Each structure stands twice: as structure tokens, then as C-alpha cells.
Amino acid sequence: MITLAHMLCLSAILFSIGIYGVLARKSLIAILMSVELMFNAANINLVAFNRFLYPDSLWGQGLVLLVITVAAAEAVVGLALVIAIYRNTKNLNADDLHLLHD
Amino acid sequence: MTLPLGIFYALSALMIGFSLVVVTSRNLFRGAMCLTASMGFVAAFFALLGGDFLAASQLLIYVGGVMVLILFVVMFVQTPDLFRARQTSVRWIPALLLAGGVGALFIRAFCHIESPTELPVLQPTSTALGHLLLGDMAVPFEVISLVLLAALVGALVFGLERES
Amino acid sequence: MFEIGPLLIQAFTYARQFLTTLGATPLQAVVGIKFLQTTLTISIILAIPLFLVYAERKISAFMQARLGPMHTGPWGLLQTPADTIKLLFKEDIVPQGADRLLHLLAVILAAAPVFVCFAPVPWGTGFPLINLDTGILFVFAVSGVSTLGILAAGWGSGNKFSMLGGLRGAAQMVSYEIPRALSVVPVVLFYSSLNLQTIATAQMERWHGWMPKWFIFYPGIGQIAFIVFLIASVAETNRIPFDIPEAESELVSGYHTEYSGMKFAFFFLAEYVYVFLSSALVTTLFLGGADGAAFLPSWMWFLGKTLLIVFLFLWFRWTFPRLRVDRLMQFCWQFLLPLALVNIVLTVGWMMCKTPSQDVLPTQAAIPSSEMHGSPDDAGLTKAVEK
Numbered sequence: 000m001i002t003l004a005h006m007l008c009l010s011a012i013l014f015s016i017g018i019y020g021v022l023a024r025k026s027l028i029a030i031l032m033s034v035e036l037m038f039n040a041a042n043i044n045l046v047a048f049n050r051f052l053y054p055d056s057l058w059g060q061g062l063v064l065l066v067i068t069v070a071a072a073e074a075v076v077g078l079a080l081v082i083a084i085y086r087n088t089k090n091l092n093a094d095d096l097h098l099l100h101d
Numbered sequence: 000m001t002l003p004l005g006i007f008y009a010l011s012a013l014m015i016g017f018s019l020v021v022v023t024s025r026n027l028f029r030g031a032m033c034l035t036a037s038m039g040f041v042a043a044f045f046a047l048l049g050g051d052f053l054a055a056s057q058l059l060i061y062v063g064g065v066m067v068l069i070l071f072v073v074m075f076v077q078t079p080d081l082f083r084a085r086q087t088s089v090r091w092i093p094a095l096l097l098a099g100g101v102g103a104l105f106i107r108a109f110c111h112i113e114s115p116t117e118l119p120v121l122q123p124t125s126t127a128l129g130h131l132l133l134g135d136m137a138v139p140f141e142v143i144s145l146v147l148l149a150a151l152v153g154a155l156v157f158g159l160e161r162e163s
Numbered sequence: 000m001f002e003i004g005p006l007l008i009q010a011f012t013y014a015r016q017f018l019t020t021l022g023a024t025p026l027q028a029v030v031g032i033k034f035l036q037t038t039l040t041i042s043i044i045l046a047i048p049l050f051l052v053y054a055e056r057k058i059s060a061f062m063q064a065r066l067g068p069m070h071t072g073p074w075g076l077l078q079t080p081a082d083t084i085k086l087l088f089k090e091d092i093v094p095q096g097a098d099r100l101l102h103l104l105a106v107i108l109a110a111a112p113v114f115v116c117f118a119p120v121p122w123g124t125g126f127p128l129i130n131l132d133t134g135i136l137f138v139f140a141v142s143g144v145s146t147l148g149i150l151a152a153g154w155g156s157g158n159k160f161s162m163l164g165g166l167r168g169a170a171q172m173v174s175y176e177i178p179r180a181l182s183v184v185p186v187v188l189f190y191s192s193l194n195l196q197t198i199a200t201a202q203m204e205r206w207h208g209w210m211p212k213w214f215i216f217y218p219g220i221g222q223i224a225f226i227v228f229l230i231a232s233v234a235e236t237n238r239i240p241f242d243i244p245e246a247e248s249e250l251v252s253g254y255h256t257e258y259s260g261m262k263f264a265f266f267f268l269a270e271y272v273y274v275f276l277s278s279a280l281v282t283t284l285f286l287g288g289a290d291g292a293a294f295l296p297s298w299m300w301f302l303g304k305t306l307l308i309v310f311l312f313l314w315f316r317w318t319f320p321r322l323r324v325d326r327l328m329q330f331c332w333q334f335l336l337p338l339a340l341v342n343i344v345l346t347v348g349w350m351m352c353k354t355p356s357q358d359v360l361p362t363q364a365a366i367p368s369s370e371m372h373g374s375p376d377d378a379g380l381t382k383a384v385e386k
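As you go down the protein sequences, you meet chains P, C and U in turn.
Numbering that gives the first Met the number 0 applies: residue 0 is where the first sequence begins, and numbers increase by one.
Numbering that gives the first Met the number 0 applies: residue 0 is where the second sequence begins, and numbers increase by one.
Numbering that gives the first Met the number 0 applies: residue 0 is where the third sequence begins, and numbers increase by one.
For the record, the hints were derived by calculation from the structure and aren't laboratory data.
The reader is advised that the hints may include incorrect statements.
[As the list claims (entries may be wrong)] With a cut-off of at most 25 angstroms between alpha-carbon atoms, the simulated SDA-like pairs for lysine to any residue come out as follows:
#1 U:Lys353 <-> U:Ser191
#2 U:Lys159 <-> U:Arg321
#3 U:Lys89 <-> U:Lys33
#4 U:Lys159 <-> U:Ala180
#5 P:Lys89 <-> U:Gly96
#6 U:Lys33 <-> C:Ala46
#7 P:Lys89 <-> U:Ser191
#8 U:Lys33 <-> C:Phe7
#9 U:Lys89 <-> U:Val52
#10 U:Lys33 <-> C:Asn26
#11 U:Lys57 <-> U:Leu311
#12 U:Lys33 <-> P:Met0
#13 P:Lys89 <-> C:Ala46
#14 U:Lys212 <-> C:Leu95
#15 P:Lys89 <-> C:Ile112
#16 U:Lys33 <-> C:Gly5
#17 P:Lys25 <-> C:Ala46
#18 P:Lys89 <-> U:Phe17
#19 U:Lys33 <-> U:Val52
#20 U:Lys159 <-> U:Phe263
#21 U:Lys159 <-> C:Gly158
#22 U:Lys212 <-> U:Phe50
#23 P:Lys25 <-> C:Pro119
#24 U:Lys353 <-> C:Leu159
#25 U:Lys159 <-> P:Ala83
[Stated by the list, open to error] To be clear about the criterion: a stretch of chain U counts as covered by chain C if any three or more of its residues have a C-beta under 8 angstroms from a C-beta of chain C, and this derived list gives those stretches:
#26 138-145
#27 220-226
#28 279-291
[To be verified] Far from chain C, some chain P residues (derived; all Cβ distances over 12 angstroms):
#29 Leu98
#30 Leu99
#31 His100
Quick caveat: nothing in here was measured; it's all calculated off a predicted structure.
Note that beta-carbon positions come from the ideal geometry of N, C-alpha and C, so glycine has one too.
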């Protein structure tokens with residue numbers, strides 16, 4: 000039997016992999032991809048809670064639809080920013096982009 | 000080890016494997032492809048948990064939309080000789096410790112959570128989700144459309160070539 | 000008459016009981032039967048491109064006042080097997096600067112999803128492979144995965160022309176998915192269900208006793224939706240007049256350039272199966288699926304209507320010139336998309352004017368329960384999984 004603990008542990012592992020990706024990667028696109036991983040982990044959590052603890056309602060799945068939409072919008076704007084940065088500086092290394100401080 | 004549990008372990012092992020390739024690979028295109036596979040497995044988990052509409056939506060929006068967009072940008076921005084550069088900055092040890100710590104904390108908290116043994120039979124969710132989104136969740140639904148409009152306008156503004 | 004559907008249901012029920020007597024648990028028996036059904040369906044679908052390639056060559060030839068393949072076999076019937084054997088023996092060349100794994104993965108990603116898409120399509124009385132409640136959404140979602148295959152093919156060839164062709168092809172496919180999905184929304188609104196089986200069986204009624212209630216016959220909304228869906232499907236499958244990404248005279252054959260032998264054959268197989276899938280969808284959504292007079296079995300009606308739409312696809316190829324890339328995008332975003340949106344508004348207007356008592360919307364009672372395939376299977380699977 001798949002229990003709630005199984006799904007939550009899975010999403011916890013996925014979330015921590017996403018955290019490592021955001022902190023340790025250089026390229027902006029790679030950081031964006033790790034953020035998407037974290038979004039997916041949160042979505043699995045939401046659906047698991049909906050299924051196991053509140054099986055009569057569908058609010059968890061509705062919220063997941065909204066989260067998917069927000070994540071897509073965020074990816075769109077983030078990637079537009081990435082393309083603008085690439086056009087200006089030809090460099091997508093997160094360590095080198097510190098124009099606001101020295 | 001019953002069949003559903005075996006399927007769960009196999010799917011989650013594959014998904015975690017692909018996610019590890021996403022965060023460690025030097026080749027961004029390969030990383031994006033593995034992220035696509037990872038999202039496909041997330042859709043499989045949604046289906047396993049009774050969200051059939053959600054699984055199809057995840058495939059449609061994430062795999063068919065967002066990942067194609069990310070792959071487009073990777074193809075625009077990367078030249079193949081850039082793939083030999085080291086992708087991980089020097090901060091990888093504290094990052095690993097932090098990520099490992101957070102993961103361990105979550106797992107310790109979730110390991111012994113109680114879950115009910117008697118679950119209702121899975122029902123198709125499309126009609127019920129429709130009633131929910133246009134009934135109780137109508138306000139967030141409309142606000143989300145505004146968020147999408149703002150994202151569209153923002154992306155267009157950033158994407159326009161400025162001729163000054 | 001010669002109805003295959005109930006026969007197949009009986010056969011698979013006997014097979015499941017046989018597996019249970021051999022000592023399998025109910026869950027294992029159901030999984031085994033689904034495995035068998037899937038293998039059978041994929042084998043039958045794999046046979047379709049054989050006929051379609053030959054049909055395309057012959058029909059194109061007759062439209063161009065020539066004869067087409069005549070040498071190999073009587074009237075050239077053995078041309079496709081001969082071509083397949085030739086392609087099997089060709090050397091598989093992967094360019095040096097290309098990513099070998101990605102080169103192979105692109106073929107798999109472009110070709111595999113279409114077989115999965117055939118699962119919820121209702122072939123006749125009582126037999127879609129799975130009675131999926133989110134049928135049409137599932138088909139759109141899985142067919143969107145093949146866009147990734149084109150991108151990977153463009154990148155994995157290590158060739159600037161291929162990359163440009165891949166980018167253009169992916170942009171075209173992603174753009175045309177939107178009018179395609181939006182043109183189906185009136186159908187879904189009308190029949191209040193995403194289930195392909197429900198939509199097909201709800202079109203089996205008659206006006207005045209003789210006119211079938213197919214969605215294409217509804218004035219205005221049916222025809223607009225049909226045309227938008229047809230054009231968007233032609234664009235999705237990269238057929239002429241929308242085949243900029245793969246045309247031979249543009250971009251040196253686009254993302255196909257570096258593929259030879261069996262991989263090339265697989266791209267073409269995928270394209271023909273996609274054409275067949277799009278025609279099957281048009282038939283199910285707009286032409287009543289397996290609806291027809293009783294002198295032919297229902298699956299023959301379905302096949303006949305689907306092949307008629309496939310003929311339309313082939314006819315378009317030799318009738319229209321190729322669209323330039325920017326005009327292609329303009330056509331999608333500035334014409335098809337507003338047309339599909341207007342169609343949705345018109346449909347809602349129609350539905351609001353007619354009350355349900357004027358039997359515009361079919362009710363659930365119109366669908367006899369014997370038409371529902373797999374209810375014993377599905378109930379058994381659900382109970383077995385929940386144990």
C-alpha cells in the first residue's frame with residue numbers, strides 16, 4: 000500500500016535536489032530548471048494530501064492547477080529575462096552578474 | 000512488496016535519477032531533457048494519486064509548453080563548446096549540506112505521519128474540477144488569468160529589440 | 000452484424016478467467032490482459048503506414064496524371080515492403096559532431112507518443128482500449144510530447160540547418176496546438192464530456208428520423224470547428240501546405256537531414272500514424288465516430304470515415320502550395336485562433352438559446368450501457384488496486 004509517508008518523502012527528496020540545484024549551479028537557465036523541480040515537488044505534496052487526508056474534496060488538485068499555471072508564467076518571464084541578459088552581456092553565469100554591487 | 004508498491008518504487012527511483020542528472024549535468028540540453036522526463040514521472044504520480052485531469056494537464060502544460068520553451072532558450076543561448084565548462088560553482092559543498100539537511104529534516108518529520116488505510120475508490124475528476132474551478136475557486140481562477148496576461152505582456156516587453 | 004467489439008470483450012473475459020485459474024491474482028490477470036490488448040493494438044496500428052504510404056503514392060500519382068509504382072508486384076502493391084527492406088539495409092550514419100544518444104532519442108520521442116494516443120479512441124461499438132474520462136485532453140497532452148522529438152532531432156544533428164529546421168518545426172507545432180485544442184472546446188461544451196466514447200455515442204441520434212446528429216451538421220458551429228480542427232491537424236502533422244520544417248527544397252530537408260536508414264523510416268512512420276490519428280479524431284469528434292446504418296458493422300463505418308479524412312489530407316498535399324514560415328505563423332495567430340474563439344462564443348450562444356427539453360443536448364439515457372467497453376475490466380482493476 001502506498002501511504003502518505005511514501006509520497007511526502009518522495010517530494011522531500013525532490014525538493015532538496017531542487018535546492019541543491021538552485022544553490023550550486025552557475026548558469027541561469029540551470030537555476031530556473033531547478034526551481035521548476037521544486038515546483039513539481041510541491042505539487043506532488045498537494046495532490047498527496049488531497050488524496051489521503053481530504054479525499055472528498057478537490058481543493059488540492061484545483062490548487063495544483065493554479066500552481067502549474069503560475070509556474071508556467073514565471074518560467075516565461077524568467078526566460079525572457081535570460082534572453083535579454085544574453086543579448087546585453089553574452090554571459091549567463093550567475094556569479095558574474097553583479098552590476099548592483101561590486 | 001505488492002505490485003503498486005513495486006511500481007511506486009521503480010517510478011520514484013527513475014524520477015530521482017533523472018532529477019539528479021538535471022542538477023549535475025554539464026550539458027544543459029541533456030539536463031533539460033532529463034527534466035522533461037522527470038515531469039513525465041510527476042504526471043504518472045498524479046495519475047497514481049487519482050488526478051487524471053491533472054496528469055493530462057501536467058503533460059500538456061509542463062512537458063508540451065514550458066519544457067519546449069526552456070529547450071528553445073537553451074538552443075538559442077548555448078553553443079556546444081560551452082558544454083565543457085564546469086557547471087557547478089565553488090559553493091557546492093555548503094549547498095549539498097544545506098540541501099541534505101533540509102531533506103533529512105523533512106523526511107524525519109514525514110516518516111511516521113499517519114495516513115488512513117481505507118481510501119475511497121478513484122473517481123474521474125474532470126466534472127468535479129470544473130464545478131470547483133468555476134464555483135468555489137472562481138476568484139483565484141480569474142486572478143490566474145490576469146497573472147498570465149501580465150506574464151505575456153512582460154515577456155513581450157523583454158523580448159522586443161530596442162532600437163534607440 | 001459482424002461486430003468485432005462484443006466478440007473481443009468475450010475473448011478477453013475468457014482470457015482473464017483463464018489467467019486467474021492459472022494462479023494469478025486478479026490484479027495480475029487484469030495487467031496481463033491489458034498488456035495483451037496493448038500489444039495487439041500497437042501491432043495493428045503499425046500495419047497502417049504500410050497501406051498509407053502506398054495509398055499516398057498511388058493517389059498522388061493519379062492526381063498528377065501518372066501511374067505511380069507499377070513494377071514491384073501487381074500494380075505496385077509490394078512497393079512499401081520493398082522500400083522498408085531497402086531502408087533496413089541502409090547504413091545508420093550519425094554525424095561526428097552530433098550527440099549520439101540524442102540522435103537516437105529524437106526518433107523515439109517523435110514516434111512513440113502516437114501509439115499511446117490511440118488508447119482512448121473508440122473504434123466501434125464497445126471498443127476503445129481504455130474508456131478514459133479525460134480522453135481528448137489525454138490525446139492532446141501525449142501528442143504534444145512529439146514536439147520535443149523534433150527539437151531533439153534538430154539539436155542532435157549538430158548541423159545549423161537542422162537546428163533551424165527543428166526550431167521552426169517546434170514553433171509551428173506549438174503554435175498550431177492552440178487552435179486545435181480551442182476548436183474542440185465547442186464539442187466538449189456541447190456534449191459536456193471529455194470522454195471520446197461519450198462524444199461518439201452521443202452523435203448516434205437522428206433528426207426527423209434520418210439526419211444524423213453529427214457535430215459537423217450543426218449550422219455554423221459544426222462547420223467552423225471542423226475546418227479549424229482539420230487545418231490545425233494538417234499543420235500539426237507537418238503536411239503540405241505546412242511542411243516548411245521538413246521540405247526537401249527548404250533548409251536541406253530540415254531536421255531530417257542527418258537521418259538515414261531505419262531512423263528516417265521511423266520519422267515517416269510516425270508522420271503517417273499521426274495523419275491516421277488526426278483523421279480518427281476528426282471522425283470521432285465531428286463525424287459521429289462509428290455511427291452509421293446497420294448494413295455495415297460499426298468499425299467499418301469508423302474506418303471508412305477515417306480513410307475519407309485521410310484522403311482529404313492526401314488531397315491537400317497536391318492542391319495547395321507551401322506556406323512561407325512567417326505567413327504560416329500569421330495564419331495561425333491572426334486567423335485560426337480568433338476564428339476558434341469566435342466559434343466558442345457562438346456555441347455558447349447556441350446552447351443558451353436552446354433549452355435541454357428541445358433535445359439539442361443528448362442525455363445520458365441515450366447511451367445504452369452495453370456500449371460502454373471495459374466496465375467489468377475497469378471495475379475489477381480499481382478494486383484490485385485498492386486492495
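Status of the hints after comparison with the structure:
Our distance criterion of 25 angstroms between C-alpha atoms is met by Lys353 (chain U) and Ser191 (chain U), whose separation comes to about 15 angstroms. For the hint pairing Lys159 (chain U) with Arg321 (chain U), the CA-to-CA distance comes to about 22 angstroms; that is within 25 angstroms, so the pair holds. At most 25 angstroms may separate the alpha-carbon atoms for a hinted pair to count; Lys89 (chain U) and Lys33 (chain U) exceed this at roughly 36 angstroms. Note on Lys159 (chain U) and Ala180 (chain U): the hinted pairing is violated, with a Cα-Cα distance of about 32 angstroms set against a maximum of 25 angstroms.
Between Lys89 (chain P) and Gly96 (chain U) the CA atoms are separated by roughly 24 angstroms; this keeps the pair inside 25 angstroms, and the hint holds. A C-alpha spacing of about 17 angstroms is found between Lys33 (chain U) and Ala46 (chain C), which places the hinted pair at or below 25 angstroms, so the restraint holds. Pair hint Lys89 (chain P) plus Ser191 (chain U) does not hold up; C-alpha atoms about 51 angstroms apart against a cutoff of 25 angstroms. For the proposed pair Lys33 (chain U) and Phe7 (chain C), the alpha carbon gap of about 19 angstroms is at most 25 angstroms, so the pair holds.
With a C-alpha separation of about 19 angstroms, the suggested pairing of Lys89 (chain U) with Val52 (chain U) holds against the 25 angstroms cut-off. Distance restraint check for Lys33 (chain U) and Asn26 (chain C): the Cα-Cα separation of roughly 38 angstroms exceeds the 25 angstroms cut-off, and the hinted pair is therefore not satisfied. The suggested pairing of Lys57 (chain U) with Leu311 (chain U) holds, with an alpha-carbon distance near 14 angstroms, which does not exceed 25 angstroms. For the given pair, Lys33 (chain U) sits about 22 angstroms from Met0 (chain P) by alpha-carbon distance, which is consistent with the 25 angstroms threshold.
In summary, the hint linking Lys89 (chain P) to Ala46 (chain C) is not supported, as the alpha carbons are separated by about 42 angstroms, beyond the 25 angstroms threshold. At roughly 63 angstroms between alpha-carbon atoms, Lys212 (chain U) and Leu95 (chain C) are farther apart than 25 angstroms, so this suggested pair is violated. Between Lys89 (chain P) and Ile112 (chain C) the CA atoms are separated by roughly 49 angstroms; this puts the pair beyond 25 angstroms, and the hint is violated. Proposed proximity of Lys33 (chain U) and Gly5 (chain C) is supported: the alpha carbons are some 18 angstroms apart, at most 25 angstroms.
Taken as a hint, the Lys25 (chain P) and Ala46 (chain C) pair is broken in the structure, with Cα atoms around 34 angstroms apart against an allowance of 25 angstroms. Only pairs whose Cα atoms come within 25 angstroms are accepted, and Lys89 (chain P) paired with Phe17 (chain U) is rejected, the gap being roughly 66 angstroms. About 30 angstroms separates the Cα atoms of Lys33 (chain U) and Val52 (chain U), which puts this hinted pair outside 25 angstroms; it is violated. Distance restraint check for Lys159 (chain U) and Phe263 (chain U): the Cα-Cα separation of roughly 19 angstroms lies within the 25 angstroms cut-off, and the hinted pair is therefore satisfied.
For a cut-off of 25 angstroms, the pair hint linking Lys159 (chain U) to Gly158 (chain C) stands: about 23 angstroms separates their Cα positions. Between the alpha carbons of Lys212 (chain U) and Phe50 (chain U) the distance comes to roughly 31 angstroms, so the proposed pair goes past 25 angstroms and is violated. Among the hinted pairs, Lys25 (chain P) with Pro119 (chain C) is inconsistent with the structure: their alpha-carbon atoms are about 46 angstroms apart, more than 25 angstroms. A threshold of 25 angstroms between alpha carbons decides the hint, and for Lys353 (chain U) with Leu159 (chain C) the separation of about 47 angstroms lies outside it, so the pair is violated.
Pair hint Lys159 (chain U) plus Ala83 (chain P) holds up; C-alpha atoms about 23 angstroms apart against a cutoff of 25 angstroms. Chain C is given as covering the stretch 138-145 of chain U, and this holds because 5 residues of the stretch bring a CB closer than 8 angstroms to a CB of that chain, at least three being needed. Three residues within the 8 angstroms Cβ limit are the bar, and the stretch 220-226 of chain U against chain C gives 0, so the coverage statement is violated. Counting residues of the stretch 279-291 of chain U whose beta-carbon sits less than 8 angstroms from any beta-carbon of chain C gives 0, not enough to reach three: the coverage restraint is violated.
With a least beta-carbon separation of about 17 angstroms from chain C, Leu98 (chain P) lies farther than 12 angstroms from that chain, consistent with its non-interface assignment. For Leu99 (chain P), the condition that its CB be more than 12 angstroms from all CB atoms of chain C holds, with the nearest at approximately 18 angstroms. The claim that His100 (chain P) is not at the interface with chain C holds, since no C-beta of that chain comes within 12 angstroms of its own (minimum 17 angstroms).
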